[in-house]
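Protein chains: 2
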Amino acid sequence: MNSQKILTLALDVMGGDKGPSITIPSAIMAINELPNLHLILCGDEKIITTELALLNISPQTLNQHKQLSIFPTTEVVEMDEKPAYALRTKKNSSMRKALDLVQEGQAQACVSLGNTGALFSMAHFVLKTLPGVERPALISSLPTHDDDKHVFMLDLGANVFCDSHVLYQFGVMGSVMAQQVDGIDRPRIALLNMGEEAIKGSDHIKQAALELSENSDINYIGFIEGGDIFSNKADVIVCDGFVGNVALKTCEGVARLVFEKSKTLFKQNFLVKMLTFIVKPSLKKLFKSMNPDQYNGASLIGLRGIVVKSHGNANSSAFSLLLWKQLKKSIGKYLKK
Amino acid sequence: MNSQKILTLALDVMGGDKGPSITIPSAIMAINELPNLHLILCGDEKIITTELALLNISPQTLNQHKQLSIFPTTEVVEMDEKPAYALRTKKNSSMRKALDLVQEGQAQACVSLGNTGALFSMAHFVLKTLPGVERPALISSLPTHDDDKHVFMLDLGANVFCDSHVLYQFGVMGSVMAQQVDGIDRPRIALLNMGEEAIKGSDHIKQAALELSENSDINYIGFIEGGDIFSNKADVIVCDGFVGNVALKTCEGVARLVFEKSKTLFKQNFLVKMLTFIVKPSLKKLFKSMNPDQYNGASLIGLRGIVVKSHGNANSSAFSLLLWKQLKKSIGKYLKK
Chain A
1 MNSQKILTLA LDVMGGDKGP SITIPSAIMA INELPNLHLI LCGDEKIITT ELALLNISPQ
61 TLNQHKQLSI FPTTEVVEMD EKPAYALRTK KNSSMRKALD LVQEGQAQAC VSLGNTGALF
121 SMAHFVLKTL PGVERPALIS SLPTHDDDKH VFMLDLGANV FCDSHVLYQF GVMGSVMAQQ
181 VDGIDRPRIA LLNMGEEAIK GSDHIKQAAL ELSENSDINY IGFIEGGDIF SNKADVIVCD
241 GFVGNVALKT CEGVARLVFE KSKTLFKQNF LVKMLTFIVK PSLKKLFKSM NPDQYNGASL
301 IGLRGIVVKS HGNANSSAFS LLLWKQLKKS IGKYLKK
Chain B
338 MNSQKILTLA LDVMGGDKGP SITIPSAIMA INELPNLHLI LCGDEKIITT ELALLNISPQ
398 TLNQHKQLSI FPTTEVVEMD EKPAYALRTK KNSSMRKALD LVQEGQAQAC VSLGNTGALF
458 SMAHFVLKTL PGVERPALIS SLPTHDDDKH VFMLDLGANV FCDSHVLYQF GVMGSVMAQQ
518 VDGIDRPRIA LLNMGEEAIK GSDHIKQAAL ELSENSDINY IGFIEGGDIF SNKADVIVCD
578 GFVGNVALKT CEGVARLVFE KSKTLFKQNF LVKMLTFIVK PSLKKLFKSM NPDQYNGASL
638 IGLRGIVVKS HGNANSSAFS LLLWKQLKKS IGKYLKK
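Line by line, the protein sequences are chains A and B. Once you know that position 44 of the first sequence is 44 in the numbering used here, the rest is easy, because the numbers rise by one and skip nothing. For the numbering used here, add 337 to where a residue sits in the second sequence, where the first one is 1.
Calculated directly from the structure, the hints in this document are not laboratory data. It is possible that some hints are incorrect.
According to the in silico footprint, chain A covers these stretches of chain B (three or more CB under 8 Å from chain A) [said to hold, decoys possible]:
#1 373-380
#2 589-600
Straight-line distance between alpha carbons at most 16 Å, and here's what the computed EDC-like set of lysine to aspartate or glutamate pairs gives [to be verified]:
#3 A:Lys263 <-> B:Asp484
#4 B:Lys570 <-> B:Asp540
#5 B:Lys355 <-> B:Asp381
#6 A:Lys261 <-> B:Asp484
#7 B:Lys598 <-> A:Asp146
#8 A:Lys82 <-> B:Glu533
#9 B:Lys604 <-> A:Asp147
#10 B:Lys419 <-> A:Asp203
#11 B:Lys486 <-> A:Glu260
#12 B:Lys537 <-> A:Asp147
#13 B:Lys355 <-> B:Glu441
#14 A:Lys82 <-> B:Asp540
Positions of the beta carbon are idealized from the N, C-alpha and C atoms, including for glycine.
Construct all of the structure, not just a fragment, from the sequences and the given hints.
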């Protein structure tokens, strides 16, 4: 018997731009990597069994499988569906059922690539927030100039607009996250703003700054600009969901732009082209470290349960990586105990 | 006699993180590059003459100089000064006087590296907006995947929050800018949002989308995400100043991150290190095209006069580049006539 504790995840296999054709192969990759991972595949049973058959997992094999089970659902939350509509009408959706399994204690966490707004609304409704938390936030980590350090950023798109008190709560939540996940004693908390000077920005940001600086449990270090997200000046960067979402996606856009431009340039130089076999591994390593897929996966925090959101357009390797790397990091205690 | 028209610019030499030690050498580089450029140096006379002396321009030479003159001022708008305070009390500042010269018709445009908020407030007060324009906006161009194309983005930080009608006006202003500067017949106008789907984002963004789509003179193409800023999907991207500022500075942060990481990586690979002399020119070319200094300089549009804002921390080559390249582009008609 393996002495490690089993981690059970409820997986919304219907979510994402490509749905089960991405989520099912990723799920299989993930259970192969992690023998203590048990996945409950929530979704259309027929589609799931067809996808599993393509991977040589028959219904018979599945019945005896220790790491896989199916939770059949009849509805799907579409990627462009209004969150309020999904919440009201899609009670038998793969997303909703995956969340219900967490709420009922049958799974320790839920993972979805689906509609962020709907996932946020449903998770908020099903799991409820922790005491003192008004709104859950989407949090993820980004690379910094220092290879050994990353920076947490929240909110990344769960809340369009956040008032000062919600931003303050995000600061507290981010601080706890950095303490628990990275073991930082007093994480440096910064507010994303248009400038570092105290006069900059909107009134609600200035008010949030005041509230954070008045809490002696929080190591609030002040405003930070977009250009310093990666400077390792802060451990946690707080902003509203609109700004966070734009900043995160802009990062990905720039990384892709640099990648494309460098490929073209290296092709233009004849000598470099000839030496591609030497340069290529270095370039690959660089872009791997910058690849948004590496940072795919954000957690919804502030809830009475763990919910992980993967990019809707994540490919299977990114999604699998998320399952067995990002999750291992954020809920590693289940795997190591 | 040179048949080209003379372009007179009022230069706020006191602005920026480093002030005259950057602006004066840049001014000299610029007039040497552009024989039809005349600069009025607004600032502390003693400091200006000292800086000019370092560049071998004596007061006697200056008296007879066809391209340079000094407009002595006694006050400086500090970088962290409140815009309202600067507007009320700094009537003899280099920034204010440079704007006054434009308003009085003595200069065709004003250039400053100073406090963006103060420049915006003063320019708004001194020059007034064009008919139908409520708020001026800070606009600049960014690179795209297509080397021959750039994208205009506004607002980049002049207005913290913009309601739907202001965003709509920015769309119209951006469309005119792309038509006039790039000669695009029907520029593609997009609103920066959290997603491309019509359900995403805040109410004022949805309302702005409606207003833009109802104007048949505007080729409104819908929402665009941060990741697509550089995809050449739009000619003009509209957002509020907070979001635009964060997105722009995040771009610069990512570009710096990639640059630093690539330097380290190329050093780590022994063979690549040995071949640096071959790889370096390609890398340099790449980062030159990505360097934020290349895109230094944004114009305040919507005013009855031309105001150009350079980064407060621009170095002299970036600032000089701005003077003789960015300006040549945006008000090139004065130089070519």
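Structure-based check of each hint:
For the region 373-380 of chain B, the stated coverage by chain A is not satisfied: 0 residues place a CB nearer than 8 Å to a CB of that chain, which falls below the threshold of 3. Remark: the region 589-600 of chain B is confirmed as covered by chain A, as 10 of its residues place a Cβ nearer than 8 Å to a Cβ of that chain, reaching the required three. With a C-alpha separation of about 13 Å, the suggested pair A:Lys263 and B:Asp484 falls inside the 16 Å cut-off, and the hint holds. A threshold of 16 Å between alpha carbons decides the hint, and for B:Lys570 with B:Asp540 the separation of about 24 Å lies outside it, so the pair is violated.
Simply put, B:Lys355 and B:Asp381 have alpha-carbon atoms about 14 Å apart, close enough for the 16 Å limit, and the pair holds. A C-alpha spacing of about 9 Å is found between A:Lys261 and B:Asp484, which places the hinted pair at or below 16 Å, so the restraint holds. Taking the CA atoms of B:Lys598 and A:Asp146, the gap is near 9 Å; set against the 16 Å cutoff, the hint holds. Restraint check: the Cα-Cα separation between A:Lys82 and B:Glu533 comes to about 13 Å, which is no more than 16 Å; the hinted pair holds.
Taking the CA atoms of B:Lys604 and A:Asp147, the gap is near 15 Å; set against the 16 Å cutoff, the hint holds. Pair hint B:Lys419 plus A:Asp203 holds up; C-alpha atoms about 14 Å apart against a cutoff of 16 Å. About 15 Å separates the Cα atoms of B:Lys486 and A:Glu260, which keeps this hinted pair within 16 Å; it holds. Of the pairs offered as hints, the one joining B:Lys537 and A:Asp147 is violated, with about 35 Å between alpha carbons and a cut-off of 16 Å exceeded.
Distance restraint check for B:Lys355 and B:Glu441: the Cα-Cα separation of roughly 28 Å exceeds the 16 Å cut-off, and the hinted pair is therefore not satisfied. As the CA atoms of A:Lys82 and B:Asp540 are separated by approximately 14 Å, the hinted pair is consistent with the 16 Å bound.
Checked against the numbered hints above, the structure breaks hints 1, 4, 12, 13 and satisfies the rest.
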